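K.L.:
Residue 1 is where the sequence shown starts when you use this note's numbering, and the numbers rise one by one after that.
Simulated from the structure, these hints should not be mistaken for lab results. Keep in mind it's a predicted model, so treat the numbers as computed, not measured. C-beta: ideal position from N, C-alpha, C; glycine also. Among these hints, one or two may not hold up.
As the list claims (entries may be wrong) - Derived pair list, reagent style PhoX-like, types lysine-lysine, alpha-carbon separation capped at 25 Å:
| id | residue 1 | residue 2 |
| --- | --- | --- |
| 1 | K265 | K457 |
| 2 | K265 | K234 |
| 3 | K234 | K114 |
As the list claims (entries may be wrong) - Between beta-carbon pairs, the in silico distance windows are:
| id | residue 1 | residue 2 | range |
| --- | --- | --- | --- |
| 4 | D452 | W286 | 18 to 24 Å |
| 5 | Q241 | S75 | 43 to 49 Å |
| 6 | K265 | P74 | 53 to 59 Å |
| 7 | V179 | H316 | 29 to 35 Å |
| 8 | R70 | S372 | 58 to 64 Å |
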Amino acid sequence: TQSTWGNFSSSFLFFALRMKTKGSTVQSAPAPSSGAQWDRFLSSFPVPVQAVVLVAAYVGLTQVSPLLKRALDPSYDIDAAAAASPLTAVLPAPLFRLAIGVITMTALFAFSFKSPLKFTIAYVVPAILVYTAYLRSFHDIIVIVFVVLPVLELLAGPDDVNPEQADESEMVNNLSFRVITWLWVPLQLVLLVWGAHVVAHWQLSIWEAALFTISFGLQGGALSINIAHELIHKAPWYERQLGRVLLACVCYGHFDVEHVWGHHKQVSTPHDPASARLGETFYAFWPRTVVGSFRSAWHIAAQRCERRGRSLWSIHNEVLNLALLSAGMAAGLTALFGARAAAFFFGQSFVAFSLLEVVNFIEHYGLERLPSETGPGGYEPVRPIHSWNSDARITHLFLFKLQRHSDHHANAGRRYQILRTFPEPIAAQLPTGYAGMLVLALIPPLFAYIMDPRVAKARAFSRADVPSIPVEPDHSE
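With these hints in hand, go ahead and build the complete structure from the sequences.
P.N.:
Below you can see the structure in the form of C-alpha coordinates.
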(Lines of atoms letter the chains of each structure in order from A; the text may use other names.)
(Lines give C-alpha, C1' and ligand atoms only; values in the text may rest on other atoms or scores of the structure.)
Protein backbone atom coordinates (compact mmCIF):
# COMPACT_ATOMS: atom_id res chain seq x y z
CA THR A 1 0.00 0.00 0.00
CA GLN A 2 2.84 2.37 0.74
CA SER A 3 4.17 1.68 -2.75
CA THR A 4 0.71 2.67 -4.04
CA TRP A 5 1.15 6.09 -2.49
CA GLY A 6 4.68 6.29 -3.83
CA ASN A 7 3.54 5.52 -7.38
CA PHE A 8 0.65 7.93 -7.11
CA SER A 9 2.83 10.68 -5.66
CA SER A 10 5.36 10.37 -8.49
CA SER A 11 2.69 10.62 -11.17
CA PHE A 12 0.83 13.41 -9.43
CA LEU A 13 3.85 15.60 -8.84
CA PHE A 14 5.42 14.98 -12.22
CA PHE A 15 2.10 16.04 -13.71
CA ALA A 16 2.20 19.28 -11.73
CA LEU A 17 5.68 20.03 -13.03
CA ARG A 18 4.91 19.30 -16.68
CA MET A 19 2.10 21.86 -16.67
CA LYS A 20 4.63 24.36 -17.99
CA THR A 21 2.68 25.28 -21.09
CA LYS A 22 4.53 26.60 -24.09
CA GLY A 23 4.01 27.58 -27.66
CA SER A 24 1.64 30.03 -29.29
CA THR A 25 -1.45 28.88 -27.46
CA VAL A 26 -0.64 30.77 -24.26
CA GLN A 27 0.83 34.04 -23.16
CA SER A 28 2.53 34.61 -19.84
CA ALA A 29 0.98 37.16 -17.53
CA PRO A 30 3.39 39.48 -15.74
CA ALA A 31 4.78 37.80 -12.64
CA PRO A 32 3.01 38.91 -9.46
CA SER A 33 5.12 40.78 -6.96
CA SER A 34 4.07 38.50 -4.10
CA GLY A 35 6.47 35.59 -3.87
CA ALA A 36 8.25 36.58 -7.09
CA GLN A 37 11.70 35.96 -5.64
CA TRP A 38 10.68 32.49 -4.41
CA ASP A 39 9.20 31.66 -7.81
CA ARG A 40 12.41 32.73 -9.56
CA PHE A 41 14.42 30.63 -7.11
CA LEU A 42 12.31 27.54 -7.87
CA SER A 43 12.50 28.03 -11.62
CA SER A 44 16.29 28.42 -11.47
CA PHE A 45 16.64 24.65 -10.90
CA PRO A 46 16.41 22.18 -13.79
CA VAL A 47 13.06 20.42 -14.09
CA PRO A 48 14.50 17.00 -13.03
CA VAL A 49 15.80 18.55 -9.81
CA GLN A 50 12.41 20.15 -9.13
CA ALA A 51 10.76 16.79 -9.78
CA VAL A 52 13.02 14.97 -7.31
CA VAL A 53 12.38 17.60 -4.63
CA LEU A 54 8.62 17.50 -5.10
CA VAL A 55 8.38 13.72 -5.22
CA ALA A 56 10.54 13.42 -2.10
CA ALA A 57 8.38 16.02 -0.34
CA TYR A 58 5.15 14.27 -1.26
CA VAL A 59 6.37 10.79 -0.30
CA GLY A 60 7.65 12.13 3.00
CA LEU A 61 4.48 14.05 3.80
CA THR A 62 2.17 11.14 3.02
CA GLN A 63 3.96 9.11 5.70
CA VAL A 64 2.10 11.28 8.20
CA SER A 65 -1.02 9.27 7.39
CA PRO A 66 0.11 5.76 8.41
CA LEU A 67 2.01 7.19 11.38
CA LEU A 68 -1.13 8.95 12.57
CA LYS A 69 -3.20 5.82 12.07
CA ARG A 70 -0.78 3.74 14.13
CA ALA A 71 -0.74 6.41 16.84
CA LEU A 72 -4.54 6.35 17.04
CA ASP A 73 -4.74 2.57 16.83
CA PRO A 74 -1.50 0.72 17.70
CA SER A 75 -3.05 -2.61 16.69
CA TYR A 76 -3.73 -1.43 13.13
CA ASP A 77 -2.13 -3.63 10.46
CA ILE A 78 -2.48 -2.12 7.00
CA ASP A 79 -1.66 -5.37 5.20
CA ALA A 80 -4.26 -7.27 7.21
CA ALA A 81 -6.80 -4.54 6.54
CA ALA A 82 -6.15 -4.82 2.80
CA ALA A 83 -6.47 -8.61 2.89
CA ALA A 84 -9.77 -8.43 4.79
CA SER A 85 -11.25 -5.64 2.68
CA PRO A 86 -14.37 -6.51 0.62
CA LEU A 87 -13.04 -4.13 -2.03
CA THR A 88 -9.83 -6.10 -2.35
CA ALA A 89 -11.86 -9.20 -3.14
CA VAL A 90 -13.78 -7.41 -5.89
CA LEU A 91 -11.03 -5.10 -7.11
CA PRO A 92 -7.49 -6.23 -6.22
CA ALA A 93 -5.06 -3.57 -5.10
CA PRO A 94 -2.86 -3.82 -8.24
CA LEU A 95 -5.90 -3.26 -10.43
CA PHE A 96 -6.96 -0.32 -8.32
CA ARG A 97 -3.46 1.13 -8.59
CA LEU A 98 -3.73 0.73 -12.35
CA ALA A 99 -7.03 2.64 -12.36
CA ILE A 100 -5.48 5.45 -10.33
CA GLY A 101 -2.53 5.47 -12.68
CA VAL A 102 -4.77 5.73 -15.76
CA ILE A 103 -6.65 8.69 -14.32
CA THR A 104 -3.46 10.41 -13.25
CA MET A 105 -1.58 9.74 -16.47
CA THR A 106 -4.50 10.92 -18.57
CA ALA A 107 -4.20 14.25 -16.83
CA LEU A 108 -0.42 14.09 -16.79
CA PHE A 109 0.01 13.82 -20.54
CA ALA A 110 -2.66 16.35 -21.49
CA PHE A 111 0.08 18.90 -22.09
CA SER A 112 -1.89 21.25 -24.31
CA PHE A 113 -3.18 24.30 -22.52
CA LYS A 114 -6.41 23.85 -24.45
CA SER A 115 -6.96 20.24 -23.41
CA PRO A 116 -9.68 19.55 -20.80
CA LEU A 117 -8.14 16.22 -19.75
CA LYS A 118 -5.89 17.81 -17.15
CA PHE A 119 -8.94 18.69 -15.05
CA THR A 120 -9.86 15.02 -14.68
CA ILE A 121 -7.22 14.95 -11.94
CA ALA A 122 -10.00 16.09 -9.59
CA TYR A 123 -11.58 12.63 -9.87
CA VAL A 124 -8.58 11.17 -8.09
CA VAL A 125 -9.88 12.65 -4.81
CA PRO A 126 -13.01 10.47 -4.48
CA ALA A 127 -10.95 7.50 -5.67
CA ILE A 128 -8.54 8.05 -2.77
CA LEU A 129 -11.49 8.55 -0.40
CA VAL A 130 -13.01 5.20 -1.34
CA TYR A 131 -9.73 3.30 -1.51
CA THR A 132 -8.47 4.45 1.90
CA ALA A 133 -11.89 3.88 3.48
CA TYR A 134 -11.75 0.21 2.51
CA LEU A 135 -8.37 0.11 4.22
CA ARG A 136 -10.09 1.66 7.26
CA SER A 137 -7.71 4.60 7.06
CA PHE A 138 -10.35 7.30 7.26
CA HIS A 139 -8.15 10.33 7.80
CA ASP A 140 -6.07 10.34 4.60
CA ILE A 141 -8.12 13.07 2.90
CA ILE A 142 -7.73 15.23 6.01
CA VAL A 143 -3.94 14.83 5.89
CA ILE A 144 -3.86 15.61 2.17
CA VAL A 145 -5.98 18.77 2.56
CA PHE A 146 -4.30 20.22 5.65
CA VAL A 147 -0.70 18.99 5.30
CA VAL A 148 0.26 17.72 1.84
CA LEU A 149 -1.36 20.24 -0.50
CA PRO A 150 -0.32 23.39 1.44
CA VAL A 151 3.34 22.34 1.28
CA LEU A 152 3.18 21.30 -2.36
CA GLU A 153 1.61 24.64 -3.29
CA LEU A 154 4.76 26.36 -2.08
CA LEU A 155 7.10 23.94 -3.84
CA ALA A 156 5.33 23.61 -7.20
CA GLY A 157 5.40 27.27 -8.20
CA PRO A 158 2.77 29.33 -10.02
CA ASP A 159 0.63 28.82 -13.10
CA ASP A 160 0.54 32.36 -14.48
CA VAL A 161 -0.34 31.81 -18.13
CA ASN A 162 -3.47 33.06 -19.87
CA PRO A 163 -5.04 31.75 -23.08
CA GLU A 164 -4.62 33.84 -26.18
CA GLN A 165 -7.83 35.57 -27.13
CA ALA A 166 -7.92 33.64 -30.40
CA ASP A 167 -8.01 30.35 -28.47
CA GLU A 168 -10.75 31.29 -26.01
CA SER A 169 -13.62 30.60 -28.39
CA GLU A 170 -12.27 27.14 -29.20
CA MET A 171 -11.89 26.31 -25.51
CA VAL A 172 -15.37 27.57 -24.61
CA ASN A 173 -16.93 25.50 -27.40
CA ASN A 174 -15.08 22.34 -26.36
CA LEU A 175 -17.87 20.33 -24.74
CA SER A 176 -15.46 18.14 -22.81
CA PHE A 177 -14.73 20.93 -20.32
CA ARG A 178 -18.42 20.93 -19.43
CA VAL A 179 -18.86 17.16 -19.39
CA ILE A 180 -16.16 16.89 -16.73
CA THR A 181 -18.30 19.01 -14.43
CA TRP A 182 -21.60 17.37 -15.37
CA LEU A 183 -20.35 13.87 -14.56
CA TRP A 184 -19.59 14.95 -11.02
CA VAL A 185 -23.31 15.13 -10.20
CA PRO A 186 -24.15 11.40 -10.55
CA LEU A 187 -20.82 10.57 -8.92
CA GLN A 188 -21.67 12.67 -5.87
CA LEU A 189 -25.10 11.04 -5.56
CA VAL A 190 -23.58 7.57 -5.72
CA LEU A 191 -20.93 8.54 -3.18
CA LEU A 192 -23.62 9.81 -0.80
CA VAL A 193 -25.42 6.47 -0.85
CA TRP A 194 -22.14 4.61 -0.44
CA GLY A 195 -21.08 6.88 2.43
CA ALA A 196 -24.37 6.30 4.26
CA HIS A 197 -23.89 2.56 3.78
CA VAL A 198 -20.37 2.74 5.24
CA VAL A 199 -21.52 4.55 8.38
CA ALA A 200 -24.55 2.30 8.84
CA HIS A 201 -23.08 -1.14 8.17
CA TRP A 202 -19.31 -1.11 8.66
CA GLN A 203 -19.50 -1.15 12.46
CA LEU A 204 -17.29 1.91 12.78
CA SER A 205 -16.28 3.34 16.11
CA ILE A 206 -17.48 6.85 16.86
CA TRP A 207 -13.97 8.11 16.11
CA GLU A 208 -13.82 6.33 12.75
CA ALA A 209 -17.29 7.52 11.77
CA ALA A 210 -16.33 11.10 12.63
CA LEU A 211 -13.11 10.94 10.59
CA PHE A 212 -14.92 9.41 7.62
CA THR A 213 -17.67 12.06 7.77
CA ILE A 214 -15.10 14.87 7.93
CA SER A 215 -13.16 13.41 5.00
CA PHE A 216 -16.34 13.02 2.97
CA GLY A 217 -17.34 16.60 3.76
CA LEU A 218 -13.95 17.95 2.73
CA GLN A 219 -14.34 16.21 -0.62
CA GLY A 220 -17.83 17.70 -0.98
CA GLY A 221 -16.77 21.19 0.03
CA ALA A 222 -13.65 21.32 -2.10
CA LEU A 223 -15.09 19.73 -5.24
CA SER A 224 -18.88 19.34 -5.23
CA ILE A 225 -19.64 22.88 -4.08
CA ASN A 226 -16.90 24.25 -6.30
CA ILE A 227 -18.34 22.51 -9.36
CA ALA A 228 -21.83 23.63 -8.33
CA HIS A 229 -20.48 27.19 -8.22
CA GLU A 230 -19.28 26.83 -11.80
CA LEU A 231 -22.62 25.44 -12.98
CA ILE A 232 -25.03 27.88 -11.32
CA HIS A 233 -23.34 30.77 -13.11
CA LYS A 234 -24.12 29.36 -16.54
CA ALA A 235 -27.02 30.24 -18.80
CA PRO A 236 -28.25 26.76 -19.87
CA TRP A 237 -31.07 25.73 -17.55
CA TYR A 238 -29.81 22.16 -17.21
CA GLU A 239 -26.40 23.29 -15.97
CA ARG A 240 -28.02 25.41 -13.30
CA GLN A 241 -30.18 22.48 -12.24
CA LEU A 242 -27.16 20.21 -11.99
CA GLY A 243 -25.43 22.79 -9.80
CA ARG A 244 -28.49 23.00 -7.57
CA VAL A 245 -28.55 19.24 -7.08
CA LEU A 246 -24.94 19.36 -5.88
CA LEU A 247 -25.78 22.15 -3.44
CA ALA A 248 -28.73 20.15 -2.11
CA CYS A 249 -26.30 17.29 -1.41
CA VAL A 250 -24.66 19.50 1.23
CA CYS A 251 -27.79 21.27 2.57
CA TYR A 252 -26.72 24.60 1.07
CA GLY A 253 -29.21 25.12 -1.72
CA HIS A 254 -29.81 28.75 -0.82
CA PHE A 255 -26.25 29.47 -2.02
CA ASP A 256 -27.62 29.27 -5.57
CA VAL A 257 -29.87 32.27 -4.99
CA GLU A 258 -27.73 34.35 -2.65
CA HIS A 259 -24.46 33.90 -4.52
CA VAL A 260 -25.70 34.77 -8.00
CA TRP A 261 -28.17 37.55 -7.16
CA GLY A 262 -26.76 38.73 -3.83
CA HIS A 263 -23.04 38.17 -3.38
CA HIS A 264 -22.02 39.15 -6.91
CA LYS A 265 -23.90 42.44 -6.63
CA GLN A 266 -22.90 43.31 -3.06
CA VAL A 267 -19.39 41.85 -2.97
CA SER A 268 -16.79 43.78 -0.96
CA THR A 269 -19.40 46.07 0.56
CA PRO A 270 -20.80 46.16 4.12
CA HIS A 271 -24.06 44.71 2.77
CA ASP A 272 -22.52 41.41 1.69
CA PRO A 273 -22.62 38.64 4.33
CA ALA A 274 -20.07 36.63 2.30
CA SER A 275 -17.33 39.29 2.31
CA ALA A 276 -15.02 39.18 5.35
CA ARG A 277 -14.09 42.47 7.00
CA LEU A 278 -10.60 43.60 7.89
CA GLY A 279 -9.72 42.29 11.33
CA GLU A 280 -12.53 39.73 11.36
CA THR A 281 -11.56 36.16 12.23
CA PHE A 282 -13.01 33.16 10.45
CA TYR A 283 -14.66 32.06 13.70
CA ALA A 284 -16.54 35.37 13.86
CA PHE A 285 -17.21 35.34 10.12
CA TRP A 286 -18.71 31.83 10.04
CA PRO A 287 -21.95 32.50 12.00
CA ARG A 288 -22.36 35.91 10.36
CA THR A 289 -22.11 34.53 6.84
CA VAL A 290 -24.07 31.30 7.41
CA VAL A 291 -27.04 33.09 8.99
CA GLY A 292 -26.71 36.23 6.89
CA SER A 293 -26.47 34.37 3.60
CA PHE A 294 -29.63 32.40 4.31
CA ARG A 295 -31.50 35.56 5.28
CA SER A 296 -30.27 37.28 2.14
CA ALA A 297 -31.28 34.32 -0.04
CA TRP A 298 -34.77 34.20 1.49
CA HIS A 299 -35.20 37.95 0.99
CA ILE A 300 -34.10 37.69 -2.66
CA ALA A 301 -36.41 34.71 -3.24
CA ALA A 302 -39.32 36.65 -1.71
CA GLN A 303 -38.66 39.59 -4.02
CA ARG A 304 -38.45 37.32 -7.06
CA CYS A 305 -41.73 35.59 -6.16
CA GLU A 306 -43.42 38.95 -5.63
CA ARG A 307 -42.27 40.24 -9.02
CA ARG A 308 -43.66 37.11 -10.66
CA GLY A 309 -46.93 37.26 -8.74
CA ARG A 310 -46.20 33.89 -7.09
CA SER A 311 -46.62 32.75 -3.52
CA LEU A 312 -43.48 32.60 -1.40
CA TRP A 313 -44.64 29.21 -0.09
CA SER A 314 -44.70 27.53 -3.48
CA ILE A 315 -42.46 25.66 -5.89
CA HIS A 316 -41.45 29.04 -7.32
CA ASN A 317 -39.34 29.74 -4.23
CA GLU A 318 -35.92 28.33 -5.15
CA VAL A 319 -34.67 28.44 -1.55
CA LEU A 320 -37.63 26.41 -0.32
CA ASN A 321 -37.37 23.99 -3.24
CA LEU A 322 -33.75 23.12 -2.56
CA ALA A 323 -34.28 22.88 1.19
CA LEU A 324 -37.00 20.34 0.52
CA LEU A 325 -34.69 18.46 -1.86
CA SER A 326 -32.04 18.24 0.88
CA ALA A 327 -34.69 17.06 3.34
CA GLY A 328 -35.80 14.45 0.82
CA MET A 329 -32.23 13.19 0.44
CA ALA A 330 -31.87 12.93 4.22
CA ALA A 331 -35.20 11.11 4.50
CA GLY A 332 -34.27 8.69 1.72
CA LEU A 333 -30.91 7.83 3.26
CA THR A 334 -32.55 7.42 6.67
CA ALA A 335 -35.17 5.08 5.24
CA LEU A 336 -32.48 2.98 3.57
CA PHE A 337 -29.81 2.94 6.27
CA GLY A 338 -31.24 4.29 9.51
CA ALA A 339 -30.47 7.18 11.84
CA ARG A 340 -26.70 6.92 11.44
CA ALA A 341 -27.11 7.76 7.77
CA ALA A 342 -29.00 10.93 8.67
CA ALA A 343 -26.23 11.94 11.07
CA PHE A 344 -23.68 11.28 8.31
CA PHE A 345 -25.64 13.32 5.76
CA PHE A 346 -25.98 16.37 7.97
CA GLY A 347 -22.44 15.99 9.34
CA GLN A 348 -20.77 15.91 5.93
CA SER A 349 -22.97 18.83 4.88
CA PHE A 350 -21.76 20.86 7.86
CA VAL A 351 -18.12 20.17 6.99
CA ALA A 352 -18.68 20.91 3.28
CA PHE A 353 -20.41 24.25 3.66
CA SER A 354 -18.00 25.27 6.43
CA LEU A 355 -15.13 24.65 3.99
CA LEU A 356 -16.98 26.79 1.45
CA GLU A 357 -17.20 29.58 4.00
CA VAL A 358 -13.48 29.37 4.74
CA VAL A 359 -12.94 29.94 1.02
CA ASN A 360 -15.43 32.83 1.03
CA PHE A 361 -13.57 34.29 4.00
CA ILE A 362 -10.30 34.17 2.06
CA GLU A 363 -11.59 35.41 -1.28
CA HIS A 364 -12.55 38.95 -0.27
CA TYR A 365 -10.99 39.46 3.15
CA GLY A 366 -10.61 43.17 3.91
CA LEU A 367 -11.21 44.35 0.35
CA GLU A 368 -13.74 47.11 -0.18
CA ARG A 369 -15.48 48.90 -3.00
CA LEU A 370 -15.56 52.66 -2.73
CA PRO A 371 -18.88 54.53 -2.46
CA SER A 372 -20.23 55.66 -5.81
CA GLU A 373 -19.94 59.31 -6.76
CA THR A 374 -23.19 59.16 -8.74
CA GLY A 375 -25.54 58.93 -5.76
CA PRO A 376 -25.93 57.88 -2.12
CA GLY A 377 -26.05 54.19 -1.23
CA GLY A 378 -24.25 52.96 -4.32
CA TYR A 379 -20.76 51.59 -4.87
CA GLU A 380 -18.22 51.61 -7.64
CA PRO A 381 -18.41 48.75 -10.20
CA VAL A 382 -16.78 45.44 -9.31
CA ARG A 383 -13.15 45.27 -10.42
CA PRO A 384 -10.46 42.55 -10.15
CA ILE A 385 -8.89 44.38 -7.20
CA HIS A 386 -12.00 43.52 -5.14
CA SER A 387 -11.14 39.80 -5.03
CA TRP A 388 -8.02 37.92 -3.99
CA ASN A 389 -6.24 36.08 -6.79
CA SER A 390 -3.84 33.11 -6.65
CA ASP A 391 -1.77 31.31 -9.27
CA ALA A 392 -0.88 28.21 -7.23
CA ARG A 393 -0.35 25.46 -9.79
CA ILE A 394 -1.43 22.41 -7.76
CA THR A 395 -4.83 23.65 -6.61
CA HIS A 396 -5.62 25.32 -9.94
CA LEU A 397 -6.51 21.96 -11.42
CA PHE A 398 -8.29 20.49 -8.42
CA LEU A 399 -10.44 23.61 -8.00
CA PHE A 400 -11.12 24.30 -11.69
CA LYS A 401 -9.28 27.65 -11.55
CA LEU A 402 -11.51 29.05 -8.81
CA GLN A 403 -8.40 30.81 -7.51
CA ARG A 404 -8.55 33.15 -10.49
CA HIS A 405 -11.34 34.76 -8.55
CA SER A 406 -10.60 38.29 -9.66
CA ASP A 407 -11.53 37.53 -13.25
CA HIS A 408 -14.54 35.50 -12.12
CA HIS A 409 -16.03 38.46 -10.25
CA ALA A 410 -15.19 40.95 -12.95
CA ASN A 411 -16.71 38.61 -15.59
CA ALA A 412 -18.95 36.13 -13.80
CA GLY A 413 -20.13 34.42 -16.97
CA ARG A 414 -16.66 33.26 -18.10
CA ARG A 415 -16.16 29.51 -17.98
CA TYR A 416 -13.45 28.13 -15.75
CA GLN A 417 -11.13 27.03 -18.56
CA ILE A 418 -10.61 30.60 -19.82
CA LEU A 419 -10.41 32.46 -16.52
CA ARG A 420 -7.40 34.78 -16.55
CA THR A 421 -4.83 35.84 -14.00
CA PHE A 422 -3.86 39.47 -13.48
CA PRO A 423 -0.84 40.88 -11.66
CA GLU A 424 -0.77 43.60 -9.08
CA PRO A 425 -1.93 46.33 -9.12
CA ILE A 426 -4.84 45.10 -11.28
CA ALA A 427 -5.68 42.20 -8.93
CA ALA A 428 -4.88 41.54 -5.28
CA GLN A 429 -2.51 38.58 -4.83
CA LEU A 430 -2.61 35.91 -2.12
CA PRO A 431 0.70 34.66 -0.69
CA THR A 432 -0.14 31.04 -1.55
CA GLY A 433 -2.99 28.91 -2.90
CA TYR A 434 -6.30 28.07 -1.28
CA ALA A 435 -4.98 24.98 0.52
CA GLY A 436 -2.32 26.99 2.34
CA MET A 437 -4.73 29.87 2.95
CA LEU A 438 -7.20 27.40 4.48
CA VAL A 439 -4.66 26.51 7.15
CA LEU A 440 -3.80 30.16 7.77
CA ALA A 441 -7.47 31.14 8.08
CA LEU A 442 -7.92 28.66 10.92
CA ILE A 443 -5.09 30.37 12.85
CA PRO A 444 -6.36 33.98 13.21
CA PRO A 445 -3.20 35.68 14.58
CA LEU A 446 -1.03 34.20 11.82
CA PHE A 447 -3.63 34.99 9.16
CA ALA A 448 -3.88 38.63 10.28
CA TYR A 449 -0.09 38.97 10.49
CA ILE A 450 0.31 37.81 6.89
CA MET A 451 -2.82 39.27 5.29
CA ASP A 452 -3.47 42.65 6.93
CA PRO A 453 -0.44 44.36 5.31
CA ARG A 454 -1.53 42.93 1.97
CA VAL A 455 -5.01 44.35 2.51
CA ALA A 456 -3.53 47.80 3.04
CA LYS A 457 -1.58 47.50 -0.19
CA ALA A 458 -4.63 46.24 -2.12
CA ARG A 459 -6.74 49.11 -0.79
CA ALA A 460 -4.10 51.55 -1.96
CA PHE A 461 -4.23 49.97 -5.41
CA SER A 462 -8.03 50.21 -5.33
CA ARG A 463 -7.88 53.95 -4.73
CA ALA A 464 -5.18 54.55 -7.32
CA ASP A 465 -5.72 55.08 -11.02
CA VAL A 466 -4.57 51.64 -12.18
CA PRO A 467 -5.29 49.81 -15.44
CA SER A 468 -8.48 47.78 -15.54
CA ILE A 469 -9.86 45.07 -17.82
CA PRO A 470 -12.92 44.95 -20.07
CA VAL A 471 -16.03 43.78 -18.21
CA GLU A 472 -18.08 41.37 -20.29
CA PRO A 473 -21.86 40.86 -20.10
CA ASP A 474 -22.84 38.38 -17.38
CA HIS A 475 -24.88 35.65 -19.07
CA SER A 476 -25.31 33.61 -15.87
CA GLU A 477 -28.96 34.51 -15.58
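K.L.:
All hints are to be evaluated individually against the structure, with a verdict given for each.
P.N.:
Right, here's what the structure says about each hint:
{"no.": "1", "hint": "K265 <-> K457", "result": "holds, 24 Å"}
{"no.": "2", "hint": "K265 <-> K234", "result": "holds, 16 Å"}
{"no.": "3", "hint": "K234 <-> K114", "result": "holds, 20 Å"}
{"no.": "4", "hint": "D452 <-> W286: 18 to 24 Å", "result": "holds, 19 Å"}
{"no.": "5", "hint": "Q241 <-> S75: 43 to 49 Å", "result": "holds, 48 Å"}
{"no.": "6", "hint": "K265 <-> P74: 53 to 59 Å", "result": "holds, 55 Å"}
{"no.": "7", "hint": "V179 <-> H316: 29 to 35 Å", "result": "holds, 30 Å"}
{"no.": "8", "hint": "R70 <-> S372: 58 to 64 Å", "result": "holds, 60 Å"}
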